[in-house]
Amino acid sequence: MALEEGGRVDFTRLRHERRRKLFDGMDAAGIEMLVLGRPANVRYASGARQLWRTGANLFAPLCVVIRRTEKVHLLSSWDEGVPAEIGHEDLYGLFWNPAHLIAALREIPGFVGAQRVGTDSLTPFFGRVLRDLVPALELVDAAPLLQRAQAHKTADEIAAIAVAVSLAEAGLSALEEALEPGITERALLGAYLGAIASLGAPTPPTESVVFATPRQGPVRFRYLASERTIEQGELVVLAPGAFYAGYEGGVARTRTAGAAPTPEARRLTIRCRGAIATLVGACRAGNTGADLYRAWESTGEPPAEVALANGVGLGTEAPVVGFGRGNDAPLEEGAVLSVQAWVSQEGTGGFLQRELVQIGEEGPRVLTRSERSERWAP
Amino acid sequence: MGEDWTEGATIGGLAVPTEPDMVRLRTDRHAKIQAQLESQDIDGLVLLGSGGVAYATGVDAPGEDSGRAGLFRSVAVVVRGESEPHVYTTYWDGVPDELSADHVHGPLFPDLHDGIDQFAKAIQGHVGAGARLGVDEQTHPMLEALDDYEWTDAGSVLGPAKIIKTPDEVSAIRAAQRLTEQAMESVRTALRPGLRQTDLSGIFLRRLFELGATANAIDPIWQVMTPTRAQGPWTIPGDLAFPTPTTDQILREGDVIWVDAGICHRGYASDFGRTWLVSDHPAPTERQASHFQRWRAVVDAARDMLEPGVSALELGQAAIEADNGHKPWLEHFYLAHGIGTDSAEMPLVGTDLGDSFDASLLMSPGMVLVFEPVIWDDGFAGYRSEDIVAVTDSGWVQLSGSRYDPFEVAP
Numbered sequence: 001m002a003l004e005e006g007g008r009v010d011f012t013r014l015r016h017e018r019r020r021k022l023f024d025g026m027d028a029a030g031i032e033m034l035v036l037g038r039p040a041n042v043r044y045a046s047g048a049r050q051l052w053r054t055g056a057n058l059f060a061p062l063c064v065v066i067r068r069t070e071k072v073h074l075l076s077s078w079d080e081g082v083p084a085e086i087g088h089e090d091l092y093g094l095f096w097n098p099a100h101l102i103a104a105l106r107e108i109p110g111f112v113g114a115q116r117v118g119t120d121s122l123t124p125f126f127g128r129v130l131r132d133l134v135p136a137l138e139l140v141d142a143a144p145l146l147q148r149a150q151a152h153k154t155a156d157e158i159a160a161i162a163v164a165v166s167l168a169e170a171g172l173s174a175l176e177e178a179l180e181p182g183i184t185e186r187a188l189l190g191a192y193l194g195a196i197a198s199l200g201a202p203t204p205p206t207e208s209v210v211f212a213t214p215r216q217g218p219v220r221f222r223y224l225a226s227e228r229t230i231e232q233g234e235l236v237v238l239a240p241g242a243f244y245a246g247y248e249g250g251v252a253r254t255r256t257a258g259a260a261p262t263p264e265a266r267r268l269t270i271r272c273r274g275a276i277a278t279l280v281g282a283c284r285a286g287n288t289g290a291d292l293y294r295a296w297e298s299t300g301e302p303p304a305e306v307a308l309a310n311g312v313g314l315g316t317e318a319p320v321v322g323f324g325r326g327n328d329a330p331l332e333e334g335a336v337l338s339v340q341a342w343v344s345q346e347g348t349g350g351f352l353q354r355e356l357v358q359i360g361e362e363g364p365r366v367l368t369r370s371e372r373s374e375r376w377a378p
Numbered sequence: 379m380g381e382d383w384t385e386g387a388t389i390g391g392l393a394v395p396t397e398p399d400m401v402r403l404r405t406d407r408h409a410k411i412q413a414q415l416e417s418q419d420i421d422g423l424v425l426l427g428s429g430g431v432a433y434a435t436g437v438d439a440p441g442e443d444s445g446r447a448g449l450f451r452s453v454a455v456v457v458r459g460e461s462e463p464h465v466y467t468t469y470w471d472g473v474p475d476e477l478s479a480d481h482v483h484g485p486l487f488p489d490l491h492d493g494i495d496q497f498a499k500a501i502q503g504h505v506g507a508g509a510r511l512g513v514d515e516q517t518h519p520m521l522e523a524l525d526d527y528e529w530t531d532a533g534s535v536l537g538p539a540k541i542i543k544t545p546d547e548v549s550a551i552r553a554a555q556r557l558t559e560q561a562m563e564s565v566r567t568a569l570r571p572g573l574r575q576t577d578l579s580g581i582f583l584r585r586l587f588e589l590g591a592t593a594n595a596i597d598p599i600w601q602v603m604t605p606t607r608a609q610g611p612w613t614i615p616g617d618l619a620f621p622t623p624t625t626d627q628i629l630r631e632g633d634v635i636w637v638d639a640g641i642c643h644r645g646y647a648s649d650f651g652r653t654w655l656v657s658d659h660p661a662p663t664e665r666q667a668s669h670f671q672r673w674r675a676v677v678d679a680a681r682d683m684l685e686p687g688v689s690a691l692e693l694g695q696a697a698i699e700a701d702n703g704h705k706p707w708l709e710h711f712y713l714a715h716g717i718g719t720d721s722a723e724m725p726l727v728g729t730d731l732g733d734s735f736d737a738s739l740l741m742s743p744g745m746v747l748v749f750e751p752v753i754w755d756d757g758f759a760g761y762r763s764e765d766i767v768a769v770t771d772s773g774w775v776q777l778s779g780s781r782y783d784p785f786e787v788a789p
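Just so you know, the protein sequences line up as chains U and A, in that order.
The first sequence runs 1 to 378 under our numbering.
The second sequence runs 379 to 789 under our numbering.
Just so you know, the hints here were simulated from the structure itself, not pulled from any lab data.
All figures in this text were calculated on a predicted structure; none of them were measured in a lab.
Keep in mind that a hint or two might mislead.
[Stated by the list, open to error] These stretches of chain U come out as covered by chain A in the derived footprint (C-beta under 8 Å, 3 or more residues): (1) 26-32; (2) 56-64; (3) 227-235.
[Said to hold, decoys possible] Chain A regions said to be covered by chain U (calculated; three or more residues, Cβ under 8 Å): (4) 445-453; (5) 480-487.
[To be verified] Derived Cβ-Cβ restraints for the label pairs, each shown as a range: (6) A:478 <-> U:324: 40 to 48 Å; (7) U:334 <-> A:528: 50 to 58 Å; (8) A:737 <-> U:324: 14 to 22 Å; (9) A:506 <-> U:267: 28 to 36 Å.
Ideal Cβ positions, reconstructed from N, Cα and C, are used throughout, including at glycine.
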């Protein structure tokens with residue numbers, strides 16, 4: 001994002017509104033201090049842009065929010081990427097020696113005196129540290145308040161997601177361009193990563209972006225790009241995503257490699273489009289995950305092999321509707337869901353379609369612009 | 379003494395293979411975990427973190443943002459006395475072929491309250507209430523649903539197992555490093571003024587996957603080093619800020635960039651560190667060349683004395699002596715760190731854990747060290763690269779490449 005105009009997002013307002021929601025949530029739950037270790041939560045609270053790593057790293061006290069002082073304290077040895085509202089005095093350093101980390105936490109005004117403390121996860125070690133440091137500790141799960149704050153997206157958050165969707169769609173174009181018989185799945189993945197990086201957004205929500213589906217034998221959803229060469233006429237799943245200012249966008253389409261789709265592939269396409277339309281139609285405020293399961297069942301498709309939906313914001317977030325989870329999860333107005341339909345037919349292959357849907361007052365609003373890719377559609 | 383890879387360097391009497399035998403590698407890791415469980419009287423492990431799960435089960439996962447990797451995480455359960463680990467995962471295509479079907483299960487979602495009873499039931503199916511279990515992370519739903527176990531830090535089991543690599547693991551790290559270096563060579567030759575940092579990321583990632591890598595691990599760093607420390611970001615210890623995240627800033631003629639990147643190939647991390655010069659005709663000045671010579675001297679001093687039995691403190695002292703009494707590494711980091719299924723793990727040399735810790739950390743065959751000293755010449759930036767070595771039975775072997783273009787070792 002080279003231009004100062006950026007993505008038409010007011011970042012100062014964005015951060016201010018997020019912090020406000022966090023403090024309101026703390027008030028409602030009577031929580032005096034949050035100790036956060038999940039990168040998305042740290043970003044939500046602090047707005048800091050920090051080094052991106054893949055994978056689920058272990059909990060550590062990366063960010064401390066004190067309700068009384070309205071201060072956000074951040075583990076960062078420098079101020080690069082840290083918003084101005086977090087002062088130098090609010091930063092604490094990276095330590096390998098736990099005794100030094102404990103001493104730094106003790107220095108945070110309000111830490112030791114807190115009572116009701118919310119964390120987004122824990123380790124046995126940090127559980128002991130917290131009990132030692134906070135004599136009157138009442139430990140609670142911060143996830144419910146974080147989820148409530150994060151679910152409803154502000155206008156700036158939606159604007160950021162819209163930019164991320166555009167980047168993901170550019171990634172889709174790059175994938176479509178590079179897709180040809182003879183290329184490996186991994187090389188195709190590389191073409192996508194190269195494309196989003198050259199647009200200034202090099203970190204993918206996931207590298208699970210490309211897989212060819214077989215025309216013989218059982219068809220299963222695959223997660224890992226392989227050295228497998230894509231063959232002419234195969235249905236190939238293309239599921240690119242991207243981040244803008246931490247917010248995730250994503251889309252999935254399925255294309256035939258190097259040929260016009262067969263009549264069987266067209267039938268699969270129609271089945272998938274019908275299923276995704278039914279799912280998107282059920283993304284209404286007041287509904288729950290159970291309504292998505294019912295919508296899927298109504299399509300006549302076999303039980304879904306993948307999640308039907310998950311929340312999207314600063315990356316993947318709750319709810320997860322799939323694998324039997326999320327029946328009671330409310331679909332809240334203002335939330336954004338990644339909704340997907342995966343259908344397969346032995347002898348033909350598989351077909352994935354994924355859309356980003358905002359649950360609006362008036363009903364579902366699709367943020368991915370599927371018409372953009374219609375010219376490529378089978 | 380440094381030993382030639384091909385001339386019979388051994389770890390525990392075994393030669394380091396050219397290509398890792400991944401089945402043997404996983405079997406050996408499981409045996410090491412079992413030995414620790416036995417000696418520490420721990421009944422099993424429940425692992426949630428990507429590094430620990432990869433180590434204990436060998437399950438491959440796509441490179442993923444932390445949010446997705448967390449919600450859809452794989453979970454490893456290792457039961458003392460069992461011949462194989464259990465894995466609970468959505469990534470069925472990442473499960474090692476040799477793992478028995480009754481040890482491979484569907485996902486558990488320990489981050490959600492919804493369905494946490496299934497998680498509890500799964501654990502109860504492996505070990506009875508009251509058992510002593512090592513765990514690397516405890517979500518609140520887990521804490522609530524599984525309060526009838528004695529939980530202890532899994533690090534006490536994983537730490538001693540992970541710190542010593544088998545010859546296959548050393549080979550796997552070298553393979554990951556080679557792929558990274560090949561992809562980086564494409565970036566270095568494309569580097570010129572006017573490119574953005576993110577353009578370099580794009581070239582690297584595209585090439586990396588063309589070469590067959592299985593996953594990237596971090597957003598590659600191409601930090602432009604300001605000539606003076608004061609021109610760079612403010613830092614708590616007053617030292618250099620490094621590494622700072624990549625942006626789309628445009629690189630200019632004369633920029634000195636510190637490159638730092640790492641991938642995760644077949645579960646093993648690489649770590650590529652070099653100093654590059656942005657120029658149509660990149661050639662170090664005499665002063666810059668001297669920075670490289672100082673860096674080389676520091677690494678050489680530490681490597682030259684590296685053999686089993688040498689302490690981390692002695693390595694650090696040798697490095698300091700080689701830089702005329704100045705500590706040649708960043709205040710918030712280390713002279714060297716280990717690498718394996720995590721990009722930075724034990725052994726750590728020269729951290730704030732202090733001299734007594736370093737004195738007690740003795741080098742052993744199978745330890746892997748990433749040396750990353752930093753030379754700084756305020757007013758003229760500085761030099762940083764990374765050299766990876768594995769400790770062998772009688773010395774060490776180099777796992778990273780020996781080219782430092784555009785810097786050269788003086789003849």
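Here is how each hint holds up against the structure:
Under the rule that three or more residues need a Cβ within less than 8 Å of chain A, the assignment of the region 26-32 of chain U is violated, with 0 such residues. Residues of the region 56-64 of chain U lying with their CB closer than 8 Å to a CB of chain A number 4, which satisfies the three-residue condition for coverage. Note: the region 227-235 of chain U has 1 residues with beta-carbon separation from chain A under 8 Å; the three-residue rule is not met and the coverage is violated. Counting residues of the region 445-453 of chain A whose C-beta sits closer than 8 Å to any C-beta of chain U gives 7, which meets the bar of three, so the coverage hint holds.
Only residues whose C-beta sits within less than 8 Å of a C-beta in chain U count toward coverage, and the region 480-487 of chain A has 3 of them, enough to reach three; the restraint holds. In this structure the supplied range 40 to 48 Å is violated for residue 478 of chain A paired with residue 324 of chain U, their Cβ-Cβ distance being about 24 Å. Checked against the given bound of 50 to 58 Å, the beta carbons of residue 334 of chain U and residue 528 of chain A, roughly 43 Å apart, lie outside it. Evaluation of the 14 to 22 Å hint for residue 737 of chain A and residue 324 of chain U yields a failure: the beta carbon distance comes to about 53 Å.
The supplied range of 28 to 36 Å is broken by residue 506 of chain A and residue 267 of chain U, whose beta-carbon atoms lie about 52 Å from each other.
Consistency note: the structure conflicts with the earlier hints numbered 1, 3, 6, 7, 8, 9.
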